[in-house]
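Turn these sequences into a full structure, and let the hints guide you.
Chain by chain, the residues run as shown.
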Amino acid sequence: MTRHPLTGNEMSGDAQGGMERHQYDVIVIGAGGSGLRAAIAAHEAGARVAVVCKSLLGKAHTVMAEGGCAAAMGNLYPDDNWQVHFRDTMRGGKMLNNWRMAQIHAQEAPDRVMELEDWGALFDRTSDGLISQRDFGGHRYARLAHIGDRTGLEIIRTLQQRLVALGIDVYMECTVTDLLKRDGAIAGAFGYWRESGRFIVFDAPSVVLATGGFGKAWKVTSNSWEYTGDGHALALRAGATLINMEFVQFHPTGMVWPPSVKGLLVTESVRGDGGILKNSDGERFMFNHIPEFFRSETADSIEEADRWYEDKKNNRRPPELLPRDEVARAINAEIKAGRGSPHGGVFLDIASRRTPEFIKKRLPSMYHQFKELADVDITAEPMEIGPTCHYAMGGIEVDPETEVSVVPGLYAVGECSGGMHGSNRLGGNSLSDLIVFGKRAGDSAAAYAAGLPSRPEASDIDIEAAKASALAPFEVEGRENPYTIQQDLQQSMNDLVGIIREGSELEQALVEVERLKERAKTMVVEGHRQYNPGWHLAIDLRNMLLVGECVAKAALAREESRGGHTRNDHPGPNPEWGSKNLVLRLNAARDGVDMTEQAITAMPDDLQKFFE
Amino acid sequence: MTGYQLKMRVWRGDADGGDLGNYEVEVSEGEVVLDALHRLQATQAGDLAIRWNCKAGKCGSCSAEVNGKPRLMCMTRLSDFDPSETITVTPLRAFPVIRDLVTDVSYNYEKAKELPGIELGPRDADGKRRMMQVDVERGQEFRKCIECFLCQNTCHVVRDHEDNKKAFAGPRFFLRYAELDMHPLDTRDRRDAARDEAGIGLCNITKCCTEVCPEGIKITDNAIIPMKERVADRKYDPLVWLGNKIGLRNKDNEGRTPV
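Protein chains in written order, with my numbering: chain A, 169 to 780; chain B, 1013 to 1271.
Do not rely on the hints blindly, as some may be mistaken.
Stated by the list, open to error - Using 25 Å as the maximum straight-line C-alpha spacing, the simulated SDA-like pairs for lysine to any residue come out as follows:
1) 529(A) to 1144(B)
2) 539(A) to 1093(B)
3) 1156(B) to 1234(B)
4) 539(A) to 1040(B)
5) 689(A) to 728(A)
6) 430(A) to 1094(B)
7) 1140(B) to 297(A)
8) 387(A) to 1059(B)
9) 528(A) to 1150(B)
10) 528(A) to 1040(B)
11) 504(A) to 675(A)
12) 685(A) to 1054(B)
13) 1178(B) to 1150(B)
14) 685(A) to 762(A)
15) 1177(B) to 333(A)
16) 1125(B) to 333(A)
17) 1177(B) to 1105(B)
18) 1177(B) to 1078(B)
19) 387(A) to 1234(B)
20) 387(A) to 500(A)
21) 539(A) to 1228(B)
22) 1125(B) to 334(A)
23) 430(A) to 1087(B)
Said to hold, decoys possible - Derived CB-CB ranges, DEER-like:
24) 1145(B) to 633(A): 25 to 33 Å
25) 686(A) to 1135(B): 40 to 48 Å
26) 1095(B) to 505(A): 32 to 40 Å
27) 1038(B) to 663(A): 20 to 28 Å
28) 1079(B) to 350(A): 22 to 30 Å
29) 1105(B) to 739(A): 52 to 60 Å
30) 1125(B) to 629(A): 34 to 42 Å
31) 1136(B) to 524(A): 32 to 40 Å
I should point out that these hints are in silico values taken from the structure, not numbers from a laboratory. Glycine included, C-beta positions come from ideal geometry on N, C-alpha and C.
The following block contains the structure:
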């Protein structure tokens, strides 16, 4: 039997029929920062590990992360420490974060960053030769370890190279469509090779979900085709629970023109490095949008804001560096009030504030991106930007210490997990989240597998059912085109479950999702199983529809405004809602989700004191 | 410029062969080749195989040949072409076709495995590491690489000579050799490996790789030539003795262990 040299695929050559089957201790689904870090940890803990990913190795969305990785190393400001980082994170998430996750994250991030350096990452340096740190929204001190504005690329490449050096198996361009269970515990995963369309079964008692977000369910998004909520949906179907699903982060600064790049990310570092926001009247409007919650720590004059870049001790932060939810809402309000830019955004100006040399040095990718895609020279003219669907705060509910879900053997980490960021994530806290909890998930997944007296074995019936489900789009009679259904879903989520929400619109969104689910039953795909994107989309769409329902349902229930969830009909936070989460699980008919409320555990006194 | 009907020829087929298909697709202002192909996929050819991810020139997935030139499809703007022109898109030529515009790039992942990885010495006493910005910048230029493999595809050492693939790692990995060689704290000397396993000697500096690099990395001038000099230095160059004597040689490999 010939094995594909890259993928290990035994079926892509001459072999006919059959189905591949592989045995591992730990399967990691997803090869972004969290998945790679989990795989490395599990391998180092002695487990047999494989990474399974939808794209080629090194292409996951972590490469898009630009600004940096938050870690209180104190290299520039010795006053910085985990306590300050913890406080910033909780306040940024409007206190809805799982406080224990926020604590672990702040405590362990510096060690994880140092580890990346051990493995070859070349971070920018301070004048003392230490890892440099940059300012970002919501962070009290300059705290983000970075490499120009391509930090994510550096991190994924470092982890990828480490993974290769350790000889960990990678199954690239391989999509998992179902998790397999036995007696309530994880037994493995079922998927298909994108290249050949053939099926593959992984027998493993531990599965780590590291599949990222679900931004592709929105029309204007910074996410690529991969981010279809696969991990969220796999977890639901396996019996796990999701939390915080109503909280979706709209990044304040996405490109708005030309149309083909609408939504593409413009890094927060532009503002961290001195960029300001202006409306069509030329007004620096963020001063008009400072919320009460952050008033005491935000500059109230242009003079103070501008002094802050040089002297952080005696001045307060510019309002452009408020947390992302605040800035996105302010931009949205300016555009709605008719003070937008020609292409429906506002202006982000760094050209008038920093030298061309500084801009090209600190923001090389942004310079390149605007020059190549929009004919805009950001060293000479302002950018036009507007909010874009960027990040899912909501995800799989996990134990803060071990990242295990309510299903034994099922772990979740990174964007597809929930709790760490509460109602809103601070910029820079995602890359650090990946490496902190990636390591923990890998460690605990390996320990769980090693401690099992016997391995749960997937049943043939379940495997046959998974096959039938994956092949359904080829077999149904119908006329619906998956691309059209996806576009309709994206439009509905954009219009009805966007940055500013309304009860009646959310109700309508739920009706739309049901209607799309019906249409999806009669989706047909042309062609055959070999590298067929139409078929792949048809499979992914089921996940997007389920996740879309979760977001709309939770958003309708939460009658308040908090972080990445703003209700026009319920402005402002409601303290009662500040003490509970909404938990979603698959319904009995397995065609939708049920929702319950769940009280949040109170913070212990030794953490509570940071907020008094 | 507003919307117009773009004429495209797109290679359709698989390992057993294929042909250029003729299409007409509506495109609009500011779009790139990848947008046109996506519209084709959504409206006329649902099973058209394309590999892509970020659509922002950052992940290096959508490499193909546009009118015969290796490019990222997401960064090739339609406004670079006359609206009456037919745009031809074909898969990367140096790698075997899987289907349509998707090629089997496993050669590159195999070569990555052969390269001896980084091995730093111990951290400083306070648990941190110190490197100066000017020293990390050399490596940082090479680490901008998005692994689109356009340089690998265009390098004539393998583009027209399949046989050379065994002995030749290609420009992307010479970048990596140079990056590690210039790393201020790495402890391994990979000069023999660069010559014997990676075949850097086969490169004859035609700079084709540098020309197609979407990140603008000066692959030939900043990585390959210095790396070739270091390798040659070690093996053949009589000047190595003199250089050592008068302290002109770079000291990047001092105290390193050959691998």
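Against the structure, the hints:
1. 529(A) to 1144(B): Status holds; Cα separation ~16 Å.
2. 539(A) to 1093(B): holds (17 Å)
3. 1156(B) to 1234(B): At roughly 13 Å apart (the allowed maximum being 25 Å), residue 1234(B) and residue 1156(B) satisfy the hint.
4. 539(A) to 1040(B): Distance of about 19 Å is within 25 Å: holds.
5. 689(A) to 728(A): Violated - the C-alpha atoms of residue 728(A) and residue 689(A) are around 35 Å apart, more than 25 Å.
6. 430(A) to 1094(B): OK: residue 430(A) and residue 1094(B) at ~24 Å, within 25 Å.
7. 1140(B) to 297(A): OK: residue 1140(B) and residue 297(A) at ~10 Å, within 25 Å.
8. 387(A) to 1059(B): holds (22 Å)
9. 528(A) to 1150(B): holds (17 Å)
10. 528(A) to 1040(B): Measuring from Cα to Cα gives roughly 30 Å; hence the hint is violated.
11. 504(A) to 675(A): With a Cα-Cα distance of about 23 Å, the restraint between residue 504(A) and residue 675(A) holds, given a limit of 25 Å.
12. 685(A) to 1054(B): Holds. Residue 685(A) to residue 1054(B) sits at ~19 Å (cutoff 25 Å).
13. 1178(B) to 1150(B): violated (29 Å)
14. 685(A) to 762(A): holds (16 Å)
15. 1177(B) to 333(A): holds (21 Å)
16. 1125(B) to 333(A): Given that 25 Å is the threshold and the Cα spacing comes to 7 Å, the pair holds.
17. 1177(B) to 1105(B): With a Cα-Cα distance of about 14 Å, the restraint between residue 1177(B) and residue 1105(B) holds, given a limit of 25 Å.
18. 1177(B) to 1078(B): holds (24 Å)
19. 387(A) to 1234(B): violated (42 Å)
20. 387(A) to 500(A): With a Cα-Cα distance of about 16 Å, the restraint between residue 387(A) and residue 500(A) holds, given a limit of 25 Å.
21. 539(A) to 1228(B): With a Cα-Cα distance of about 14 Å, the restraint between residue 539(A) and residue 1228(B) holds, given a limit of 25 Å.
22. 1125(B) to 334(A): This hinted pair holds, its Cα atoms lying about 10 Å apart.
23. 430(A) to 1087(B): Cα-Cα ~14 Å, so holds.
24. 1145(B) to 633(A): 25 to 33 Å: violated (57 Å)
25. 686(A) to 1135(B): 40 to 48 Å: violated (59 Å)
26. 1095(B) to 505(A): 32 to 40 Å: holds (38 Å)
27. 1038(B) to 663(A): 20 to 28 Å: Roughly 24 Å apart at Cβ, these two residues keep to the hinted range, so it holds.
28. 1079(B) to 350(A): 22 to 30 Å: At roughly 55 Å between Cβ atoms, residue 350(A) and residue 1079(B) fall outside 22 to 30 Å, so the hint is violated.
29. 1105(B) to 739(A): 52 to 60 Å: Since the Cβ atoms of residue 1105(B) and residue 739(A) sit about 59 Å apart, the hinted range of 52 to 60 Å holds.
30. 1125(B) to 629(A): 34 to 42 Å: holds (39 Å)
31. 1136(B) to 524(A): 32 to 40 Å: holds (36 Å)
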